[in-house]
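S.K.: The chain contents come next:
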Amino acid sequence: MRRAVLIGIPYLWLVALFLVPFLIVLKISLSDIALARPPYMPQLDLSEGLSGLFAFLAELDFENFVFLTQDSLYWKAYLSSLQIAFTATFITLLVGYPIAYGMARAAQEWRPTLLMLVILPFWTSFLIRVYSWMGILSNEGVLNQLLSWLGVIDAPLQILNTNTAVYIGIVYTYLPFMILPIYSALEKMDESLLEAAEDLGCSRLSAFWLVTLPLSKSGVIAGCFLVFIPTLGEFVIPSLLGGSQTLMIGKILWEEFFSNRDWPVASAVAVILLLILIIPIILFQRNEQKQREAEG
Amino acid sequence: MKTLMSFTATLALVAGAAAAEQVRVYNWSDYIDESLLEKFEQETGIDLIYDVFDSNEVLETKMLAGGSGYDVVVPSGTFLQRQIEAGAFQKLDTSKLPNFGNMWDVIAKRTAVYDPGNEYSINYMWGTTGIGVNVGKVKELLGEDAPVDSLALIFDPANMEKLASCGVHLLDAPVEVVPAALAYAGMNPDAKDDEALAKAEEVLMAVRPYIQKFHSSEYINALANGDICVAFGWSGDILQARDRAAEANNGVEVAYNAPSEGALMWFDQMAIPVDAPNPAAAHVFLNFIMDAQNMAAASNYVYYANGNKASQEFLNEDVIGDTAIYPNAAALENLYTTTPFPPKEQRSLTRLWTKIKSGT
Numbered sequence: 001m002r003r004a005v006l007i008g009i010p011y012l013w014l015v016a017l018f019l020v021p022f023l024i025v026l027k028i029s030l031s032d033i034a035l036a037r038p039p040y041m042p043q044l045d046l047s048e049g050l051s052g053l054f055a056f057l058a059e060l061d062f063e064n065f066v067f068l069t070q071d072s073l074y075w076k077a078y079l080s081s082l083q084i085a086f087t088a089t090f091i092t093l094l095v096g097y098p099i100a101y102g103m104a105r106a107a108q109e110w111r112p113t114l115l116m117l118v119i120l121p122f123w124t125s126f127l128i129r130v131y132s133w134m135g136i137l138s139n140e141g142v143l144n145q146l147l148s149w150l151g152v153i154d155a156p157l158q159i160l161n162t163n164t165a166v167y168i169g170i171v172y173t174y175l176p177f178m179i180l181p182i183y184s185a186l187e188k189m190d191e192s193l194l195e196a197a198e199d200l201g202c203s204r205l206s207a208f209w210l211v212t213l214p215l216s217k218s219g220v221i222a223g224c225f226l227v228f229i230p231t232l233g234e235f236v237i238p239s240l241l242g243g244s245q246t247l248m249i250g251k252i253l254w255e256e257f258f259s260n261r262d263w264p265v266a267s268a269v270a271v272i273l274l275l276i277l278i279i280p281i282i283l284f285q286r287n288e289q290k291q292r293e294a295e296g
Numbered sequence: 001m002k003t004l005m006s007f008t009a010t011l012a013l014v015a016g017a018a019a020a021e022q023v024r025v026y027n028w029s030d031y032i033d034e035s036l037l038e039k040f041e042q043e044t045g046i047d048l049i050y051d052v053f054d055s056n057e058v059l060e061t062k063m064l065a066g067g068s069g070y071d072v073v074v075p076s077g078t079f080l081q082r083q084i085e086a087g088a089f090q091k092l093d094t095s096k097l098p099n100f101g102n103m104w105d106v107i108a109k110r111t112a113v114y115d116p117g118n119e120y121s122i123n124y125m126w127g128t129t130g131i132g133v134n135v136g137k138v139k140e141l142l143g144e145d146a147p148v149d150s151l152a153l154i155f156d157p158a159n160m161e162k163l164a165s166c167g168v169h170l171l172d173a174p175v176e177v178v179p180a181a182l183a184y185a186g187m188n189p190d191a192k193d194d195e196a197l198a199k200a201e202e203v204l205m206a207v208r209p210y211i212q213k214f215h216s217s218e219y220i221n222a223l224a225n226g227d228i229c230v231a232f233g234w235s236g237d238i239l240q241a242r243d244r245a246a247e248a249n250n251g252v253e254v255a256y257n258a259p260s261e262g263a264l265m266w267f268d269q270m271a272i273p274v275d276a277p278n279p280a281a282a283h284v285f286l287n288f289i290m291d292a293q294n295m296a297a298a299s300n301y302v303y304y305a306n307g308n309k310a311s312q313e314f315l316n317e318d319v320i321g322d323t324a325i326y327p328n329a330a331a332l333e334n335l336y337t338t339t340p341f342p343p344k345e346q347r348s349l350t351r352l353w354t355k356i357k358s359g360t
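Residue numbers (UniProt numbering), protein chains in the order written: chain G, 1 to 296; chain B, 1 to 360.
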């Protein structure tokens, strides 16, 4: 009994916070746009009992999903989001790994302070931090003023409202999610393994390649997923830092919802985004499980 | 039992009193003299919660979703019309609006196109959509006779190519920009058919490479700071930029012109959502705004004309006397209005807009 309750709680959680909202979105994606409040048809009328439910189900169709395949905008936006998410994850890894490595190799008494510094930015609102990047990157911003004062540039660099600014924003925002899992993997590593490798004639560099990197693999994978998954559907960063040519599915979703008032098509876009995300989420789960088994 | 009943009665009273003390207003950004908000609270004792937005689309989505929690909202004419059809607003109770007589019949006649009989809304402000320029820089790039009062400034690639380096912003609102592109092409600005949209696309695509950004509120500061040279935006916003630049004394001179090819005239209407938590307080707020002196204070601050006849004697000379704000009869002739887009045409319009902005 107790076991059933214990298992039941997380499942209940999943049903309430994931399955039910998903079914609502799926339902809207199968309905049609209407000038009403809320702006779609049909509405489920439970007062008519079962016949009402059947009448409701009969009205649903996959028209909106067919529509998504007819306009190149949507798959281009999905592809472009995937590409931006992949690239941003890779850059975050390149920046995050050395930081995590340095933290894990720092003196024991320094580590809590360094860890604290990584988490510290979370104390300020995410929105304010993205806005301050606008102040730094704009044509009249801090960076351009500094560079022109140093004499490096003559005309201001156009960084804000480009994809470069989007990458900077994503890497900055999600860096802690990359550093923390890698750090925790590296910190647990037994340093005598490195000594053994060197005793056996490994150079320091090849010891890193052959010992350190494979042992931190689980942290790298976890970090990459933690960055990739939220980046794919990111809306705030591309809309504040990106230009109009930055094509991401989050912006398309916003436009369907707000400009077209087409909740059904917006929901269809969201359902597909979710389906795309399910693959990395399952892979992430597997990785976590494998790691747990390896430890257990 | 009796104590319990009196207890619940007291609770209900407290709840009622608490509700009566709050009114939530959702208005456009940079659109009121903020001292009026304090004045309202002092005069009426009602707590005012004032939030802002910068696009009709955001407001409309909240209205159509329902349960926005706002008591007063300010959609523009065409959006208002569609939202009335969707059943988003409640009729005004004019018996609760003693200042209703202050309204200006000239404007009321025009807003009746969107809200027949003006049953659901009152006019807050109205204005035109036109061109704001950084006078010095534009003349430096295009010469003394730069066409600052013509749509050719922003739609002729030859001009835009030269202006691009110093920055051109357009409103991120297809319902404002597409009619202007049609007016420039000599077509009916209110046309919505495929042929008209194709023409608008042609005009906009030709200048797209030279447009730095589509945004509906950033241009006020950008123009005032000298970050950009040209903005296609709302009259009062550009006049606010002009004043901010003058105050900052930064050598930037901003000027506004309604395009000679015709300018869009729009109306922002205050209305009460059908599910407003406190419609009584909403009426108190509307009546406060319709007071001649209050309305004049708002217009004097934001440089937009209002639909309140009685307020005109309290307007500053640089507002009532400026034909960019209160156009004379000849200039009024040159203004056009538009009607809402039906769903199918709306989709084509949004698709066109995405294509123009993202190139896809």
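It is possible that part of the hints are untrue.
[What the hints assert, rightly or not] Some chain G residues judged to face chain B by a derived CB distance under 7 angstroms, without partners named:
{"#": "1", "residue": "L35"}
{"#": "2", "residue": "L73"}
{"#": "3", "residue": "K76"}
{"#": "4", "residue": "L79"}
{"#": "5", "residue": "Q83"}
{"#": "6", "residue": "L247"}
{"#": "7", "residue": "F258"}
Don't read these hints as lab results, they were simulated from the structure. C-beta atoms are modelled at their ideal positions from N, C-alpha and C, and glycine is treated no differently.
S.K.: None of the hints should be skipped; say for each whether it holds.
M.R.: Here is how each hint holds up against the structure:
Taken as an interface hint, L35/G checks out: its beta carbon lies about 5 angstroms from the nearest beta carbon of chain B, inside 7 angstroms. At about 6 angstroms, the closest approach between the beta carbon of L73/G and any beta carbon in chain B falls short of 7 angstroms, and the interface hint on this residue holds. For K76/G, the shortest C-beta to C-beta distance to chain B is roughly 5 angstroms, which falls under 7 angstroms, so the interface hint holds. With a cut of 7 angstroms, the hint placing L79/G at the interface with chain B is violated, because the nearest CB-to-CB distance is about 11 angstroms.
Given the 7 angstroms rule on beta carbons, the hint for Q83/G is violated: about 13 angstroms separates it from the nearest Cβ of chain B. Look at L247/G: its Cβ gets to within about 5 angstroms of chain B, closer than 7 angstroms, so that hint holds up. For F258/G, the interface hint holds, the least distance from its beta-carbon to any beta-carbon of chain B being 4 angstroms, beneath 7 angstroms.
Hints 4 and 5 from the list above are not met by this structure, while the remaining hints are.
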